[in-house]
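Student: Below, each chain spelled out in residue letters.
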Amino acid sequence: MNIAFDFWAVFEQWPLLLTGVAWTLGLTSLSGIFGLSLGVVMAWARLEAVRPNHDLHRKKISRVLDILDKLILFYVELIRNTPFIVQLFFIFFGLPALGLRLSAEVASVLAMVINLSAYSCEIVRAGLEATPPAQVQAGESLGLKPVQIFKHVVLPPALFKVWPALVSQIIIVMLGSAVCGQISTEELSYSANLIQSRNFRAFESFITAAFIYLLLSIAIRWLLNKVGRQVIFKGMVSHD
Amino acid sequence: MTKSFLNVLRLCLLFVAMFAISSASNAQNALDGILKSKSIKIAIPTDFPPYGFVGLDMQPQGLDVEMAQYIAQKLGAKVELVPVSSPNRIPYLQTKKVDLVISTLGKNPDREKVIDFTFAYAPYYQAVYAPKSLSIKSFNDLAGKTISATRGALEDTELTKLAPPSAQIKRFEDNSSTVAAFVAGQVQVVATGASVAASMIQKNPQLGAEYKLLIKDSPCFVGVAKGEDTLRTKVNEIISAAHKNGDLEKLSMKWLSRSTGELPE
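Chains P and G, in that order, are what the protein sequence lines are.
Heads up: the first sequence begins at 0 in numbering that gives the first Met the number 0, then just goes up one per residue.
Heads up: the second sequence begins at 0 in numbering that gives the first Met the number 0, then just goes up one per residue.
Worth flagging that the hints you see were computed from the coordinates, not collected in a lab.
One or more hints might be untrue.
[As the list claims (entries may be wrong)] Reference excerpt, derived from the structure (chain P facing chain G, CB under 7 angstroms, subset only):
1. 95
2. 100
3. 151
For each residue, glycine too, the CB sits at the ideal point set by N, CA and C.
So that you can see chain G by itself, here it is in the shape it has in the complex (with noise of 0.2 angstroms):
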């Protein structure tokens, strides 16, 4: 037993050593890498519509994709789409799957802590939704109920705060499982992304389910993993270009149907 143990041990330390080399080959900048290659690595969601979703050809499209390709086109580079789920996104930039997150991530302290963050690009907003029946007039109408929320999201990590404690948030791993729960009854509420519930409430009418409390306004940012100040600048002009040109106003009427508002940089 003792001697098994000691094994377990000496392999966990030759793995935490080949972590260590590989990371240190892996120096090189994110810009001239993409620059060089011709080609860059972008997280979309591909379970949020309308920002993120497969169509019917089975290839992903809405307002981030499009997104993802504009700034690769205006790099000269070619994209390649890499589908993350909503707590994965992160850990795939930390670790360099990816150059960019364009996958409606929004900005908080914590997250600011280990990615830097470009300017804003398209509007967003979380909140909470429920049956017509049940009367929800503010956070403290949650006690006692159960609220699905995906794990790690913002609606997550605010919802724990603004909730009383006999609330019981219930956290699955990605944004149709959190849909799915409610849309089958497991929950009697569910906190969840603008767009998300449009299209949750458009195909489930019998749930009669409507917009209760908002959560947080919270417009889109580009992650950038830390340390890639020359990419982040280069995004954050594509961005601001954007801006001016109305390029970012005609994404955001295409997928969203409304006016990309005050974006803050």
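Extracted from the complex, chain P is given alone in its bound form (with noise of 0.2 angstroms):
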């Protein structure tokens, strides 16, 4: 068996790479925005139904948060203990069953934010509830109403503690998103498939799609850690 690599074969298809970096690139900023702005609202209203709740007026409020707190367990749960190919063939393939079409590139969007959501729930409620009681109580002293606390007195510094655990899992939701040219996304790993199928290299384009997701992830992991430092949590230092 002799062997010959021709990498040019799957160079010269470089626009099809590009495209696939490109949607790669757009599927992962898009499930990043949503995926952790919807798992910071849920972590919240779940640190918010085990609060102990002095207020009696509050008692309503805190039934419905109760129940509000066992649906996100649940989909949680869910999200976290299915795999990622069948979240995303459901929602493909089974939802127009109910009567719900979404486009191959709506539905890797969507799954990705489900899938994100529920991961980033969980390590960004660990953040929130490192926060000292004390931080809380010297927010209420100065008359900070409770969404005003928890916006500028709790969540910036609970994002500052688990900002690196929060990059990583955008990079392996990311890497997930190679399983989306499955159901014709053209991803990153839809265009290597792609030339593979035609030209029959498949060392060289899978060895190529490889380096490539190789570079974005420390390229993303880099740039979100700088923009974590320099923007968001401006000022912070760890008190680890």
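Got two chains here, separate frames each, mind docking them using the hints?
Tutor: As structure tokens, then:
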């Protein structure tokens, strides 16, 4: 068996690879933004539900929060304990049976948002729970409303604490987007697969794709860490 | 950052080196190997009725499966069936994970560059299918339509050439997904093999799907890795004999309910 590598056969398809990279990055940024936001909202709801409530007027709200907490817990466990590809296939091939027909691209983003939100909910919650009670009390003594306390006093340091874990999770979701090619979304692994099915250069195609994924991961991690340090959490210091 | 990058590069090199070593030690002739070990690995489809599918007993069956068993028996070897999907059947042969591919494989010049083919053993054709309400008389009518096809299969490569640029070809990993996308209404048109389409139409009468356009007549060949000429010659002898004594005709009648017709050599 003689092996001759022909990487040119893959590189000459660079427009396809570029389209793939663009889709992979697009899917990742959209799902990163929406998935993380949804995750933060769910983490907040879960935290509110377990917080000891001294205010009698809020009893009714706390019952609603209790139910919401159970629903979110169910959602998180459901998503975290089923494979991503099954969730994706359900959305793309399964939902049309219920009358909801989404394009491959929308289905991919939706699946990734759902997936990331479940994982990031738990990560963010860990950060929120680590907030010292004195910090909340300090906010209360300044006369801030609960929403203001959450937004300005609790959330930023909590996100700061779990930021590296969130960045990792976003990268995991980006790598997971490789299966979106299965429902004809034209992301990077779809391009690699298409090139491979045309010129039968499987080894070259996939090693090229792997290398691009590696570069993307490194670049995203570097970028998000930098943005986190210099923009979002400007001036904060780690106490660990 | 630079240091970890260098480490990664080093790992890549190691990987390539390992690959080169393992392939160098794999120089035995395939036919000798089969005759010596009395076993042969053959790639068959499991999502392609009636050529290859999984029966109610969870065992693979179909025309390709019986052909695989037939050839193995004539070689005096025990057959080990390896299920493959349409896009990965050629890589399986290239990387010698199997000795033969009997997987409704059509012949085209691109494929002939990377693997060899024996004589044809069964008839097959690919076509475009769509609901009756959709008027499709020529390939130009596919303009602006969404079409599902299995990536890397003949219907994909041919349709890419035949369909107008505004036709959106959605490529899926295997025939099940290609058909599922059409059945779920995610695409308007499906391009697939005659047999797959027949079972799809039979199981989903509500779709009102019908045959629209012929993409290509492409009889099935057995795929052999490049350089395995002794194995290819041997399989050709078996197919020729089976063609003459009517075994191929019997197989075709049993699974396709039609004659093999002309089979190219």
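Student: If a hint holds in the structure, say so; if it does not, say that too.
Tutor: Results of checking the hints against the structure:
1. 95: holds, 4 angstroms
2. 100: holds, 6 angstroms
3. 151: Interface hint status for residue 151/P: violated (34 angstroms vs cutoff 7 angstroms).
Checked against the numbered hints given earlier, this structure breaks only hint 3.
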